[in-house]
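**Student:** Below are the chains, spelled out letter by letter.
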Amino acid sequence: MASNITKPSWLNNSVIAKLRNDIAICPNPYTKEEVNDIELDGAFDVKRLNAYEAINTLNHYEIPLTDN
Amino acid sequence: MTFAEIIALLSSNKYLGQLRKLIESGRGTFADTFRYTDKSADLLGDLFSESVLDMPDEERITSCVELLRDRHKDINGLFDIAQRSLDKKAGLSIAPQHVPFDEERAKQIGTSLTDKTVPEATIQRRAKSATANATRSMHDDCIEANAKFRAKAGLQCYITRTTDGSCCKWCTQMAGRYEYGSEPKNVYRRHDNCGCMVTYENGRKRQNVWSKKTWKVPADDAGAPPPVVFTQEQAAAAGAPPPKSFTKEEAQRLNSANVKKNSAKADSVHNSSIDNSEISDIISLRDDNSLYKPVTQEAIDRVPKLDIFDDDEMNKRHQQAAKDLLTEVKKREDVPVGTEFSIRYDKDMKPLKDEVYRQGKIGSVKLDDMDIPYHAFHNHGSNQTLSYNDLRKFANSENMLSLTAQGNLGSTFSIVSSDNADKIGYRTFLNIVGDEKIYEIKGVSISLSFLSDSANKDKVKDLISLLTPNQRGDLSKAIISQSDKCLNGGVDYGIKYYKAKLAE
Chain A
1 MASNITKPSW LNNSVIAKLR NDIAICPNPY TKEEVNDIEL DGAFDVKRLN AYEAINTLNH
61 YEIPLTDN
Chain B
1 MTFAEIIALL SSNKYLGQLR KLIESGRGTF ADTFRYTDKS ADLLGDLFSE SVLDMPDEER
61 ITSCVELLRD RHKDINGLFD IAQRSLDKKA GLSIAPQHVP FDEERAKQIG TSLTDKTVPE
121 ATIQRRAKSA TANATRSMHD DCIEANAKFR AKAGLQCYIT RTTDGSCCKW CTQMAGRYEY
181 GSEPKNVYRR HDNCGCMVTY ENGRKRQNVW SKKTWKVPAD DAGAPPPVVF TQEQAAAAGA
241 PPPKSFTKEE AQRLNSANVK KNSAKADSVH NSSIDNSEIS DIISLRDDNS LYKPVTQEAI
301 DRVPKLDIFD DDEMNKRHQQ AAKDLLTEVK KREDVPVGTE FSIRYDKDMK PLKDEVYRQG
361 KIGSVKLDDM DIPYHAFHNH GSNQTLSYND LRKFANSENM LSLTAQGNLG STFSIVSSDN
421 ADKIGYRTFL NIVGDEKIYE IKGVSISLSF LSDSANKDKV KDLISLLTPN QRGDLSKAII
481 SQSDKCLNGG VDYGIKYYKA KLAE
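From first to last, the protein sequence lines stand for chains A and B.
Take the first sequence: its position 46, counted from the start at 1, is 46 in my numbering, and no numbers get skipped.
Take the second sequence: its position 399, counted from the start at 1, is 399 in my numbering, and no numbers get skipped.
Check before you lean on any hint, since a few could be wrong.
[Unchecked claim] For lysine to aspartate or glutamate, the following EDC-like pairs were computed, each having C-alpha atoms within a straight-line distance of at most 20 Å: (1) 47/A <-> 37/A; (2) 423/B <-> 67/A; (3) 32/A <-> 422/B; (4) 32/A <-> 368/B; (5) 366/B <-> 62/A; (6) 459/B <-> 435/B; (7) 459/B <-> 45/A; (8) 350/B <-> 298/B; (9) 461/B <-> 45/A; (10) 7/A <-> 422/B; (11) 21/B <-> 74/B; (12) 350/B <-> 324/B; (13) 18/A <-> 310/B; (14) 361/B <-> 62/A; (15) 347/B <-> 435/B; (16) 7/A <-> 492/B; (17) 437/B <-> 33/A.
[To be verified] Over 12 Å on every C-beta distance to chain A, these chain B residues come out as not near it, computed from the model: (18) 51; (19) 123; (20) 178; (21) 352; (22) 386.
[What the hints assert, rightly or not] Pulled a few chain B residues facing chain A out of the computed Cβ check, cut under 7 Å: (23) 55; (24) 57; (25) 58; (26) 363; (27) 365; (28) 387; (29) 389; (30) 393; (31) 420; (32) 425; (33) 428; (34) 433; (35) 447; (36) 449; (37) 453; (38) 454.
It should be emphasised that the hints constitute simulated quantities derived from the structure, not laboratory data.
All C-beta atoms in this analysis are idealised placements derived from N, C-alpha and C, irrespective of residue type, glycine included.
With the hints as constraints, model all of the structure from the sequences given.
**Tutor:** Below you can see the structure in the form of structure tokens.
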């Protein structure tokens, strides 16, 4: 189904592919609570944060999480 | 490096490319053209300074001229676009004025680089500061030319020059507001490291050309008495000290002191740079206590006021919040130096009910997102700017309007959302930039994400330990450049970086 939300210009095919890859390589993305628990200046699990963001971004713009 | 290679590097600089794109899209302001000018001036100075000693005399002159000619063409072109965009939004249709290239000045600078009577270090300093200053002046010239033309076209134009509060005597004398035509002839001039701000305004609207803020000017008959201009005798009678003439040696000494002072000025926004100690924060060496400084009363007293909000009362409350945070840190003598604290304020920068300072650890602190818009503060014992981790946290905190890192020695750094900020876009930008390879150690690709990843803490230390001092320097430069990109790249997403870096 086509998205009702206008995609911003930065969300091109290359970025979508990157975000989908972030999701594909991480089986256990952070939850919202875990992201909230990340400390300022604190280290974090990059793969889990990238996957959390990617899921939220694609969902926000109603883009499928995979290209299948 | 030849001048053609330097021009190629300037053209391919990603930060400049982003700003160019913004201006060319029609969304740029004079704030952006100045930022572009300022950054390209710094880059030009650095690159030319590195290369000048390898050039024969004749090439030094021609390179200097061609480099400045290239900057002139570039800056005038972008200023033209920004002026047209602003005019279009204001419903004006006035052709932007172009300033001819000052080839004579460029040749003079180039010739000064062939001077055999001075040491090589002086030649390099000239190549850096003189070309950078000439480049910045190109933007001032554009402002002057366009204000002049608009005044002649019947628009009421005023030129305002303000100091940054820590300027030299000459700049203090230049400061003021002048109706176009009555301004001192040197009002557009600047010395090396000059932080003064020149604005121009049309009619009843005034615009800060570097921060794009506008405000209404009271009418001349609004009730203020006319200004009183003292004669020298009246000034003396009022207790003013007599004018002092300096010897050449005194002037040089004062100039040297002022350059040092100006380098420490609180220049909010735009040209970020990060010194080497900041790198240690980024590469997870936070347990090195020597990086951290205790808070002193002097540091609290000198916390600057950033020009972030249109409402200056908000700016004052922001400054006070930063001072209060340091005061709290100073009080807590029971915790190790470098311990971070955080606090939140409401959208008007007023205290939140039941909000208390939250104590963290050495080098990090928790801060929960809220259901309402809020501003967040935390201190940095290293006195350095926001980390990549801070930016990721900011981008993921939906209601966080601003995040300030308050340095223990008084420096203040803030990242701020505008009303139309696109945090999803910014966090994706940070994700992508964070993954970019910036260096390689023994076959391992180094990126900001790699350095920030909790899984890599020990690996990072091991890899860094393999580097020679020169290689560490190269890595530092790469991190600085990439961090600059993250801090300043928010402009495309309605997010701006403000800084006031004070000398330690």
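**Student:** The structure should be examined with respect to each hint, and the outcome stated for every one.
**Tutor:** Structure-based check of each hint:
no. : hint            : result
1   : 47/A <-> 37/A   : holds, 16 Å
2   : 423/B <-> 67/A  : violated, 25 Å
3   : 32/A <-> 422/B  : holds, 19 Å
4   : 32/A <-> 368/B  : holds, 11 Å
5   : 366/B <-> 62/A  : violated, 32 Å
6   : 459/B <-> 435/B : holds, 17 Å
7   : 459/B <-> 45/A  : holds, 14 Å
8   : 350/B <-> 298/B : violated, 25 Å
9   : 461/B <-> 45/A  : holds, 17 Å
10  : 7/A <-> 422/B   : holds, 12 Å
11  : 21/B <-> 74/B   : holds, 13 Å
12  : 350/B <-> 324/B : holds, 12 Å
13  : 18/A <-> 310/B  : violated, 38 Å
14  : 361/B <-> 62/A  : violated, 39 Å
15  : 347/B <-> 435/B : violated, 33 Å
16  : 7/A <-> 492/B   : holds, 15 Å
17  : 437/B <-> 33/A  : violated, 30 Å
18  : 51              : holds, 35 Å
19  : 123             : holds, 42 Å
20  : 178             : holds, 42 Å
21  : 352             : holds, 17 Å
22  : 386             : violated, 9 Å
23  : 55              : violated, 41 Å
24  : 57              : violated, 48 Å
25  : 58              : violated, 46 Å
26  : 363             : holds, 6 Å
27  : 365             : holds, 5 Å
28  : 387             : holds, 5 Å
29  : 389             : holds, 6 Å
30  : 393             : holds, 6 Å
31  : 420             : violated, 12 Å
32  : 425             : holds, 5 Å
33  : 428             : holds, 6 Å
34  : 433             : violated, 12 Å
35  : 447             : violated, 9 Å
36  : 449             : holds, 5 Å
37  : 453             : holds, 4 Å
38  : 454             : holds, 4 Å
Hints 2, 5, 8, 13, 14, 15, 17, 22, 23, 24, 25, 31, 34, 35 from the earlier list are contradicted by this structure; the remaining hints agree with it.
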